[in-house]
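Visitor: The whole structure should be built from the sequences, with the hints applied where relevant.
Sequence lines, in order, name chains A and B. The numbering of the first sequence is the working numbering, which starts it at 1 and goes up by one. The numbering of the second sequence is the working numbering, which starts it at 238 and goes up by one.
In case anyone wonders, no lab produced these hints; they're calculated from the structure. It is possible that part of the hints are untrue.
Estimated spans, in silico, between C-beta atoms of each pair [as the list claims (entries may be wrong)]: (1) Lys-131/A - Phe-275/B: 29 to 35 Å; (2) Asp-454/B - Lys-112/A: 30 to 36 Å; (3) Thr-63/A - Gly-315/B: 27 to 33 Å; (4) Gln-394/B - Phe-65/A: 42 to 48 Å; (5) Asp-75/A - Leu-246/B: 23 to 29 Å.
Straight-line C-alpha distance at most 27 Å; calculated BS3-like pairs for lysine-lysine [as the list claims (entries may be wrong)]: (6) Lys-74/A - Lys-256/B; (7) Lys-242/B - Lys-109/A; (8) Lys-131/A - Lys-29/A; (9) Lys-131/A - Lys-256/B; (10) Lys-309/B - Lys-112/A; (11) Lys-242/B - Lys-74/A; (12) Lys-309/B - Lys-131/A; (13) Lys-202/A - Lys-67/A; (14) Lys-242/B - Lys-131/A; (15) Lys-111/A - Lys-436/B; (16) Lys-202/A - Lys-9/A.
Treat the numbers as computed from the prediction; the structure is a model and nothing was measured. Think of the CB as a built atom: it goes at the ideal place given N, C-alpha and C, for glycine as much as any other residue.
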Amino acid sequence: MSEKILVAKDITKSFGRFQVLNGINLTIKRGDRYILFGSNGAGKTTLVKILSTILPADSGELTLFGKKIERRSKDIKAMIGFMSHEPYLYNELSARENLNFYASLYSVKDKKERVESLLKEVGLYHRSHDKIGSFSRGMKQRLSLARAILHAPDIIFLDEPYAGLDIRAQEILNDLIIRLNQKGKTFFFITHDIGKGFEIAKRSGVLSKGRIVYEVEGGEKKAFSEKYREIIREETG
Amino acid sequence: MNAVKTIFLKELMVEFRSKQMINSYFILSLMIITSFRFAFSVIDFSLTQLASPILWITFFFGGMFSLSPIYKREIEQGTREGLLLAPISPSSIYLGKFLANLLVISCLELFTLLIFFVFFPVDTPDLLALLTLVAIGTIGIVALGNIISAISSNLAQSEVMLPVLLVPVLLFTVIMSSVSATSNVFAGAHLLDVMQEIKFILAFDVVFLAVGYLLIDYILED
Numbered sequence: 001m002s003e004k005i006l007v008a009k010d011i012t013k014s015f016g017r018f019q020v021l022n023g024i025n026l027t028i029k030r031g032d033r034y035i036l037f038g039s040n041g042a043g044k045t046t047l048v049k050i051l052s053t054i055l056p057a058d059s060g061e062l063t064l065f066g067k068k069i070e071r072r073s074k075d076i077k078a079m080i081g082f083m084s085h086e087p088y089l090y091n092e093l094s095a096r097e098n099l100n101f102y103a104s105l106y107s108v109k110d111k112k113e114r115v116e117s118l119l120k121e122v123g124l125y126h127r128s129h130d131k132i133g134s135f136s137r138g139m140k141q142r143l144s145l146a147r148a149i150l151h152a153p154d155i156i157f158l159d160e161p162y163a164g165l166d167i168r169a170q171e172i173l174n175d176l177i178i179r180l181n182q183k184g185k186t187f188f189f190i191t192h193d194i195g196k197g198f199e200i201a202k203r204s205g206v207l208s209k210g211r212i213v214y215e216v217e218g219g220e221k222k223a224f225s226e227k228y229r230e231i232i233r234e235e236t237g
Numbered sequence: 238m239n240a241v242k243t244i245f246l247k248e249l250m251v252e253f254r255s256k257q258m259i260n261s262y263f264i265l266s267l268m269i270i271t272s273f274r275f276a277f278s279v280i281d282f283s284l285t286q287l288a289s290p291i292l293w294i295t296f297f298f299g300g301m302f303s304l305s306p307i308y309k310r311e312i313e314q315g316t317r318e319g320l321l322l323a324p325i326s327p328s329s330i331y332l333g334k335f336l337a338n339l340l341v342i343s344c345l346e347l348f349t350l351l352i353f354f355v356f357f358p359v360d361t362p363d364l365l366a367l368l369t370l371v372a373i374g375t376i377g378i379v380a381l382g383n384i385i386s387a388i389s390s391n392l393a394q395s396e397v398m399l400p401v402l403l404v405p406v407l408l409f410t411v412i413m414s415s416v417s418a419t420s421n422v423f424a425g426a427h428l429l430d431v432m433q434e435i436k437f438i439l440a441f442d443v444v445f446l447a448v449g450y451l452l453i454d455y456i457l458e459d
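Guide: Structure representation (structure tokens):
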């Protein structure tokens with residue numbers, strides 16, 4: 001039985017009077033590729049930010065590797081990688097300088113070798129000295145994935161990673177994720193796009209009205225899509 | 238300390254490549270100095286009395302408007318969360334940014350001082366006293382400017398909110414004391430003669446730095 005990396009119990013979150021998350025229960029095991037689907041405004045980004053310790057939950061319990069997650073814990077932050085639709089990169093710096101900067105913040109050992117190998121891995125070695133302001137969105141996202149895995153985190157969260165990517169860039173990103181997953185990295189995704197997300201999911205879930213209302217391991221895309229549409233129809237009335 | 242140094246170097250690289258702070262400071266300070274020079278060219282005035290307020294108005298507004306975007310650009314570029322996710326203390330972010338901005342603004346102020354003396358040729362018998370006052374006044378402007386920039390970056394219309402929050406605090410503490418002490422220096426006072434004001438300004442520098450260091454955690458993460 002795989003080790004439980006992340007366990008969330010009864011997580012709630014509200015902004016003012018608006019209840020965004022209403023009792024999230026979730027378990028992620030080592031080596032998972034868990035994709036959580038949901039419509040716009042379902043609370044996906046809020047959930048991924050809570051799981052990755054960016055936002056605190058109002059109530060509930062969150063554990064990572066058996067340790068209770070504390071939002072400002074440096075140890076926990078070092079175990080987490082996060083890739084958002086925002087690349088978290090500086091346009092004024094080159095690809096190499098951006099990775100060097102984050103490698104220093106994460107106190108990465110053998111920084112130079114690690115940065116070089118990641119630049120090769122994401123196919124940007126030949127552009128490593130170019131400022132990323134001149135990069136396409138797809139190139140920035142690939143560099144963003146390199147940034148997210150720079151410190152060899154145990155779990156990587158992805159928030160709408162396909163946003164604004166063309167089909168080729170999506171394929172490259174999916175190939176990278178599958179390769180990293182085969183090397184033992186655990187992934188937790190959120191997206192509203194079943195077409196792009198489901199094809200690489202090992203486990204999938206649907207977030208609706210602040211709860212995970214449906215979960216499936218493997219399964220057929222067609223059946224999942226129908227179930228997802230049914231949930232969305234109920235949600236929107 | 239490694240995180241402070243990393244943030245410091247990153248800030249300098251980003252600033253020297255974007256020149257956002259350098260350009261806004263340079264243009265604004267030049268405009269203020271020349272505006273006052275031409276405004277006072279039609280009336281009789283005492284150079285010794287007016288030089289100090291004009292100099293500090295230039296430093297104050299130059300600093301205020303150039304510090305305004307330093308946290309907001311992290312939000313606009315989407316890099317703030319990247320910093321907050323890193324296993325570093327938010328106070329490292331504050332200190333790294335503070336030191337980088339202090340260096341940039343100090344260099345800009347030295348350049349501004351040269352332009353100022355061209356337009357307002359006031360006698361300065363004790364240059365050490367003047368430079369000491371400029372240095373400690375700048376620490377106060379940058380320390381408080383950094384923290385208010387972080388607070389206002391979370392607010393709507395942050396460009397308006399920054400002066401609203403910064404002016405009352407800075408004006409009645411560091412700026413007024415600096416104006417008074419610099420006036421005395423222009424009138425012939427030496428370093429020891431303005432020691433009382435220097436201690437007063439230094440006390441506020443320490444308070445502003447301590448407030449920034451302690452509160453940045455809550456300001457950035459909430």
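Visitor: Look at each hint and say if it fits the structure.
Guide: Okay, the hints, checked on the actual structure:
About 41 Å separates the C-beta atoms of Lys-131/A and Phe-275/B, a value inconsistent with the hinted range of 29 to 35 Å. Under the hint 30 to 36 Å, the C-beta atoms of Asp-454/B and Lys-112/A, about 32 Å apart, fit the expected range. In this structure, Thr-63/A and Gly-315/B meet the distance hint of 27 to 33 Å, their C-beta atoms being roughly 29 Å apart. Range check, Gln-394/B to Phe-65/A: about 43 Å between beta-carbon atoms, so the 42 to 48 Å window is met.
Range check, Asp-75/A to Leu-246/B: Cβ separation about 25 Å, and the 23 to 29 Å hint holds. For the given pair, Lys-74/A sits about 33 Å from Lys-256/B by alpha-carbon distance, which is inconsistent with the 27 Å threshold. Distance check on the hinted pair: Lys-242/B and Lys-109/A sit about 17 Å apart at the alpha-carbon level, within 27 Å; holds. With a C-alpha separation of about 38 Å, the suggested pairing of Lys-131/A with Lys-29/A is violated against the 27 Å cut-off.
For the hint pairing Lys-131/A with Lys-256/B, the CA-to-CA distance comes to about 15 Å; that is within 27 Å, so the pair holds. For the suggested pair Lys-309/B and Lys-112/A, the alpha carbons sit about 30 Å apart, so the restraint of at most 27 Å is broken. Only pairs whose Cα atoms come within 27 Å are accepted, and Lys-242/B paired with Lys-74/A is accepted, the gap being roughly 18 Å. With a CA separation close to 21 Å, the supplied pair Lys-309/B and Lys-131/A stays within the 27 Å bound.
Between Lys-202/A and Lys-67/A, the direct Cα distance comes to roughly 25 Å. Compliance with the 27 Å bound is thereby established for this hinted pair. For the hint pairing Lys-242/B with Lys-131/A, the CA-to-CA distance comes to about 22 Å; that is within 27 Å, so the pair holds. For the hint pairing Lys-111/A with Lys-436/B, the CA-to-CA distance comes to about 44 Å; that exceeds 27 Å, so the pair is violated. In summary, the hint linking Lys-202/A to Lys-9/A is supported, as the alpha carbons are separated by about 21 Å, within the 27 Å threshold.
In terms of the numbered hints stated before, the structure departs from hints 1, 6, 8, 10, 15, listed from lowest to highest.
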